[in-house]
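> Read top to bottom, the protein sequences are chains A and B. For what it's worth, full-length UniProt numbering labels the leading residue of the first sequence as 1, then goes sequentially. For what it's worth, full-length UniProt numbering labels the leading residue of the second sequence as 1, then goes sequentially.
I should point out that these hints are in silico values taken from the structure, not numbers from a laboratory. Be aware that a few hints might be false.
[To be verified] Listed next, the in silico SDA-like pairs over lysine to any residue satisfying Cα-Cα at most 20 Å (straight line): (1) B/Lys236 / A/Glu160; (2) B/Lys578 / A/Met144; (3) A/Lys581 / B/Gln131; (4) B/Lys578 / A/Ser588; (5) B/Lys581 / A/Leu128; (6) A/Lys295 / B/Lys311; (7) B/Lys311 / A/Ser151; (8) B/Lys581 / A/Pro301; (9) A/Lys315 / B/Ala390; (10) A/Lys589 / B/Gln131; (11) A/Lys226 / A/Ser74; (12) A/Lys125 / B/Ser586; (13) A/Lys579 / B/Cys216; (14) A/Lys581 / B/Leu139; (15) B/Lys315 / A/Leu152; (16) A/Lys315 / B/Gln153; (17) B/Lys311 / A/Leu152; (18) A/Lys295 / B/Pro126; (19) A/Lys579 / B/Lys579; (20) B/Lys579 / A/Lys581; (21) B/Lys125 / A/Ala298; (22) B/Lys125 / A/Glu213; (23) B/Lys125 / A/Ala299; (24) B/Lys165 / A/Pro301; (25) B/Lys409 / B/Asp444; (26) A/Lys578 / B/Leu139; (27) B/Lys578 / A/Glu93; (28) B/Lys579 / A/Ser151; (29) B/Lys578 / A/Leu145; (30) A/Lys579 / B/Gln131; (31) A/Lys518 / A/Thr528; (32) B/Lys311 / A/Pro301; (33) A/Lys581 / B/Leu56.
[Stated by the list, open to error] Covered stretches of chain A (in silico footprint by chain B; criterion: 3 or more residues with CB under 8 Å from a CB of chain B, positions within the stretch not fixed): (34) 134 to 140; (35) 288 to 296; (36) 304 to 314.
Glycine included, every Cβ here is placed at the ideal spot set by N, Cα and C.
2 protein chains.
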Amino acid sequence: MPNVIVKTGNKILEINAQQGQNLLELLRKADIDISTPCNGNGTCGKCKVRILSGHLPNPSQNEIKVLGFNAIESGYRLSCCYAVRSDVEILLESDSLQAQIVTEGRQRSFELDPVVTKENIVLEKPSLSSQISDFERVLGSCSMLEVNTPSLQLIRNIPELIRQKDYNISLIKTGTRLLGVEAGDTTESLYGVAVDIGTTTIAAYLIDLTDGERLCVYSGLNPQKKFGADVISRIKHTIDSETGLEELNNLIINEINSCIGAMCEEANISRSDIYAITLVGNTTMTHFLLKVPAKNIAAAPFIPAVTSMVKINAKELGVDINPYGLAFVLPAVSAYIGADTVGAVLSTGMYEQEDISLLIDIGTNGEIVLGNREVLYACSSAAGPAFEGANIRNGIGSIKGAINSISLKSGVSYTTIGGAEPVGICGTGIVDGIAQLLEMGIVDETGRLDDEWEPATPEQASLAKNITVVDNMNAFLICGDIAITQKDIRELQNAKGAIAAGINVLVKQSGINFSDIKNVYLAGGFGTYINVDSALKIGLIPFQLRGKIQPVGNAAGQGAIEGLLSVKRLSDAEIISKKIKYIELSSSKDFNDFYMNCMMFE
Amino acid sequence: MPNVIVKTGNKILEINAQQGQNLLELLRKADIDISTPCNGNGTCGKCKVRILSGHLPNPSQNEIKVLGFNAIESGYRLSCCYAVRSDVEILLESDSLQAQIVTEGRQRSFELDPVVTKENIVLEKPSLSSQISDFERVLGSCSMLEVNTPSLQLIRNIPELIRQKDYNISLIKTGTRLLGVEAGDTTESLYGVAVDIGTTTIAAYLIDLTDGERLCVYSGLNPQKKFGADVISRIKHTIDSETGLEELNNLIINEINSCIGAMCEEANISRSDIYAITLVGNTTMTHFLLKVPAKNIAAAPFIPAVTSMVKINAKELGVDINPYGLAFVLPAVSAYIGADTVGAVLSTGMYEQEDISLLIDIGTNGEIVLGNREVLYACSSAAGPAFEGANIRNGIGSIKGAINSISLKSGVSYTTIGGAEPVGICGTGIVDGIAQLLEMGIVDETGRLDDEWEPATPEQASLAKNITVVDNMNAFLICGDIAITQKDIRELQNAKGAIAAGINVLVKQSGINFSDIKNVYLAGGFGTYINVDSALKIGLIPFQLRGKIQPVGNAAGQGAIEGLLSVKRLSDAEIISKKIKYIELSSSKDFNDFYMNCMMFE
C-alpha cells in the first residue's frame, strides 16, 4: 500500500492509499476539506497539489490547460486526475482549503420596501380619440410615476413591448422613477443581490425582493489577492502598473458575476430576474469596484476619490443582471471607514438607539464606531494582520483544521475548525492561547514568556514540559510542532494595543464614559468566533465593557441586504455616512499615548 | 471656342468656353450656383455633372473614388476635374444646386440663462484636517450643487483633474446638477448648437452660451431623402428593412456631426467646447434622430413612441461634442405636430400673449396653431407637396433660378431667386402666378383656365398670346416653355384648400372668431417669401386675416436656439407641448366640409 505524505500549512499528515487510488478521493476520505467547485471534473483547477517527491506523471492536456505550463513544470497536478501508484509526498496550499467565512448577520425587523419594485397594469388601447404617445401612455398609467427622462433604450423598446401582450405590462420602478417595462405580468420575478467585498473574502446573498426571503449565500476568496494580501499592496499595483486598476476591477467584477451565476443556478432563476445589487466593502475595495483611482487612499492625507453613495445602472458597472437593473454602492466615511462599516452601523441599528453602543470590526484594520442616534464617532486602527493569523509563526486563516480555541485548564486541549487535524492557529486561537498563558502566569503582564515558570497546582504540572525554545525564542507548544512564540506574543500585543487604544481615543474624544456604553457589537468572522473572556483577558476589549459584548456576525453584509429590501434603510446609510465624525489616528497624540499603555497585559 | 450646353432642372443654358477651360470655373462665371464644399479640390463630389454628349475623358482615380464606379459608367464626372476640349452637353442635377433655406428667425428678448453653465472655483486643499473625498470636495465647493449621482466616469476623472492645476477647477453644470469638471479656468469656452431637422433640409446654429451670440449658421439637405422625400416613405423603409431605422438614424447623426464640424472650423473652436445641443424637427424626424420606432406614426391611430422632452447625454445620441455635453430634443404634441411646431410657438411667444395668434407653417403638411396664453389648438393638414414645387409641371424647390414672383400687370414679368436665369417655378411663384391669373380673370373662381379669355384693358392685351395648350391642357406660359397648367391650378386648389380648411376647423372648434385673431405668423421658408396679397387672393389664408400677417422666418430653429440660451424657455417648451390641444383632422367631418368649400377661389 503506497504511503501519501500530505503537507498543508504547518501540518503533515500520513495516509495509506490503495494502489491506483484517486488522490482527491483519498484526501476527501481523510477529511481534508479541499475546494472542488467542479466536483472533480478537472475543470476548475482548485484541487491542485504540488508533488514534492514520488511519481510525477506526464500531465494530461486538460491539466496543462487548467494549470498552465509554469505550474506543470513546478510539479503541480490536479488531485482529481492523479492516481496514487507509489509513495508520494504532496503539498496542499492553503488556498485550496475551504475558508470559513462568516456570512450570517443579525437581523433587525423593518418594513419591506425594496429598492426596485414592480407593478402590473393594463393600458388603455390607443385610438383616434386616445392618441397619446406610447411612452406618455406608460407614464400616465401610474399616477406616482416621475417624468424624469429615463434611458433612451427604454423609449426605444416601449412601442413593441406594450403591444406584445395586448397592452398588459409590468412597470419596473425605483421609488417613483420608471426603470423599465416588461410585457405581461412579471411581478413574481423580482430578485436582488447583496455583496460584501472584503480584502480577503467575498460574501454574497441572493434575496427574493417580493418577500425578503434569503435564497442563497455564496462565499469565496477575493481574487485580487494575487496582487497583494492587503489594500496598500493592491493600491501600489494600481500606481505601478498602468493597467493595474483595470485588472483589479476586472477581477472583482468577474468574481461578482460568477457568484451571481452560481447563486442563480442554485436558486433556479435567471440573471435577468435580478433587478438590483447593493454592495459594501472597505473604501479601497469599493474604489476598485467602481474603477475609481484609489492611489490617494494609500498616503497621507488619505483622500478617497468618492465616499457618497453611488447609484448607477448595473450595466455601467459591468455587473450582469437585468439590463434595467440598478447597482447601489453604499456610502463610506473616509479612506479607512468604508461602506462595510456604514453597513454594519446600519444593521446593528445603533444610529437609531438612545443607548450608546460600540461597534468593533477587527481585521487587518480595526474599524471602531462609538455613539448613538445623537452622535457617531469612528476611527480605524491599523492592528496589522496578526488577528488574521499573519506574522504569527503557525498562524493561519480561518480554514478547516485551524486551532480556534485553546484551554490550559487541565493540560493542553484545543479545538479546530471542522474538527479536523490541526494545521495551524487562527486569530481566535492565538487570542485564546495567550489569554490562557496569562491566566497560568506563563506569560507576565509585560508579555514575557517565562521559561522558568513553575506550576502552582498539580493540574498545571504537565504544562511545564510544553515550554520550550523554537527558532531561538521561548515558546509554548500547543500540539505537534505548532507553538506560540515570544515573537507571536509581541505581535499580538501590538495588534490588541492598537484596537484598545482606538477604543480609548473614541471614548475620550466623544466625552462618553465607558460606563455609558450599553452594547458592544463585535462584527465580522473574528468577532463572531472570538472567546469574549479571552479578549477581555488580553485587554483587546477594555475590561469595563465586560457583560455588554455580543457578536453580530457579518453586520456589513446584513447592512447591504437591508439596503436592498428597504428604501428607508438605504437612505439611512447616507445619513449614517454623513453623521459619523471620523477621528484620524495617524495625527493623534492621544492615540500614541494610549497605544503604549494598551500594549501591556493589564 | 467649344460650346457647352448646360441642362439643369427645366432650363437649358448655352455657354461659350475657352479651349481647355475648367468646367467648374465656367459654370461659376455663368452664375450657376453649384455647391462646392471642398472648393474644387475634387474631394466632396458635389459638383458632379453628367456628360450627355461630347468628350468623355477617362476618369481620374479620384473621381472613381468619390463618385463610385456606377456613376462613372453612367457618364458622371466632377466639373472641377473636367477641362472643356470640344462641344459638350451636360446635365446638372438639382441637388448640386445650392438650396435656399430659411435659417433666420424672429427673436424675442429673454434673460440669458443657458442650459449648461460653468463656474470657476479654487478648492480647499486636502490635509489631515480636511480629509473629505475628492468628489465630495467638488460637490461641497458650490452650495447650489445637487448630490444626484453623476456619471461614474466623472467620479473616475475627478482625482486627477482637481490636482492638475492645483485645485483650480471649472464646474460644468446644468441647473444645479454637476455634469463635469475641468482643470483650471475654462469658463470662456462654452458653446451650444441648435438644430432644426426638416424632412428636406437641416438648419444648424452655433451659439456662444456666454453671451448668446450666434457665431455660425449652417444649412444643408437632409441626407435621409435618398429613402424618400416624405416622412411616410421613410417610415416605410424602417418597416421594410430591418436595418432601416439604424440607417436613417446614422444618416442624420452623421450629418449633424459633420455640420458641427464645419461650424467649429468656421468659428475656430473645438468640438469639445460645445456642451449642449438642442434639436427640433417634425415627430418622424425626432424619432429617427433618437432611433425610436416610428412605424405607428404612419397609420391610424397615428401613435408616436414618445412626445415628451428627451434630455440625454449627447454621447448616448452619438453626437460628437464635449463628453459631458447634453442633448435636448424638444417635446412634441402628436404624430403630426412635432417639436418644430412647439419650437415655433415658443419663439413667436404666442403662448404668453393675451392676444390670440394663428401660426401657420406650410410644407408638405401645414401645421396650424391657434390660441393664446389661455388655450392652444393645433392641427396638421396634409396639403401635399405642391407648395414645395412638387407635382407642378415646372415646379422646383427654392433654388437659384426658381421663379419666385410673377406679375401680369403689364405683360408677364417675374423675378427669380438669385436673379438667375429661370429654371422653374417654386411654391411662392405658383401662388403668385395663380393669384395674378385670378386677378386678370384668366382663371375663374372654380379654377378653370379660360382659353377664350379676352383682355379688358390694352395693358392686358399682350397676355392673350401666353394662353396656350401644353401637355393637352390649357396653360399659361410664363417664359420659355415654363408654364402654369390647368392641372397645376387643380393641385394648388387641393393644397390651399387643405390649409384653409385646417384654419377654419381650428377657428370653429376653439370658438374663436376670425376677428379675434390679432396676429398671423407665417413660419418657414414658404411663409417668409410668400406674397401675402397673393396668399389672400387665392384663399390660402382666409381674407378676414388681411393686415395681421407677418413672416417669422425659421421660427422652429429660433425656438431651439432660445431653448439653448434659456432654461425658462426650455421648460416653456414642455408647458406648450402639454397645453396644445391636438385636433385630428382625419376623423373630422368639419374638415371635409370646409375642404370642399375652400378649394374654390372665393
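> Now, for every hint given, state plainly whether the structure supports it.
Here is how each hint holds up against the structure:
no., hint, result
1, B/Lys236 / A/Glu160, "holds, 17 Å"
2, B/Lys578 / A/Met144, "holds, 18 Å"
3, A/Lys581 / B/Gln131, "holds, 11 Å"
4, B/Lys578 / A/Ser588, "violated, 61 Å"
5, B/Lys581 / A/Leu128, "holds, 14 Å"
6, A/Lys295 / B/Lys311, "violated, 35 Å"
7, B/Lys311 / A/Ser151, "holds, 10 Å"
8, B/Lys581 / A/Pro301, "violated, 61 Å"
9, A/Lys315 / B/Ala390, "violated, 49 Å"
10, A/Lys589 / B/Gln131, "holds, 18 Å"
11, A/Lys226 / A/Ser74, "holds, 18 Å"
12, A/Lys125 / B/Ser586, "holds, 19 Å"
13, A/Lys579 / B/Cys216, "violated, 52 Å"
14, A/Lys581 / B/Leu139, "holds, 19 Å"
15, B/Lys315 / A/Leu152, "holds, 12 Å"
16, A/Lys315 / B/Gln153, "holds, 14 Å"
17, B/Lys311 / A/Leu152, "holds, 9 Å"
18, A/Lys295 / B/Pro126, "holds, 14 Å"
19, A/Lys579 / B/Lys579, "violated, 45 Å"
20, B/Lys579 / A/Lys581, "violated, 51 Å"
21, B/Lys125 / A/Ala298, "holds, 17 Å"
22, B/Lys125 / A/Glu213, "violated, 47 Å"
23, B/Lys125 / A/Ala299, "holds, 15 Å"
24, B/Lys165 / A/Pro301, "holds, 19 Å"
25, B/Lys409 / B/Asp444, "holds, 17 Å"
26, A/Lys578 / B/Leu139, "holds, 14 Å"
27, B/Lys578 / A/Glu93, "violated, 69 Å"
28, B/Lys579 / A/Ser151, "violated, 25 Å"
29, B/Lys578 / A/Leu145, "holds, 17 Å"
30, A/Lys579 / B/Gln131, "holds, 15 Å"
31, A/Lys518 / A/Thr528, "holds, 19 Å"
32, B/Lys311 / A/Pro301, "violated, 39 Å"
33, A/Lys581 / B/Leu56, "violated, 85 Å"
34, 134 to 140, "holds (count 4)"
35, 288 to 296, "holds (count 6)"
36, 304 to 314, "holds (count 9)"
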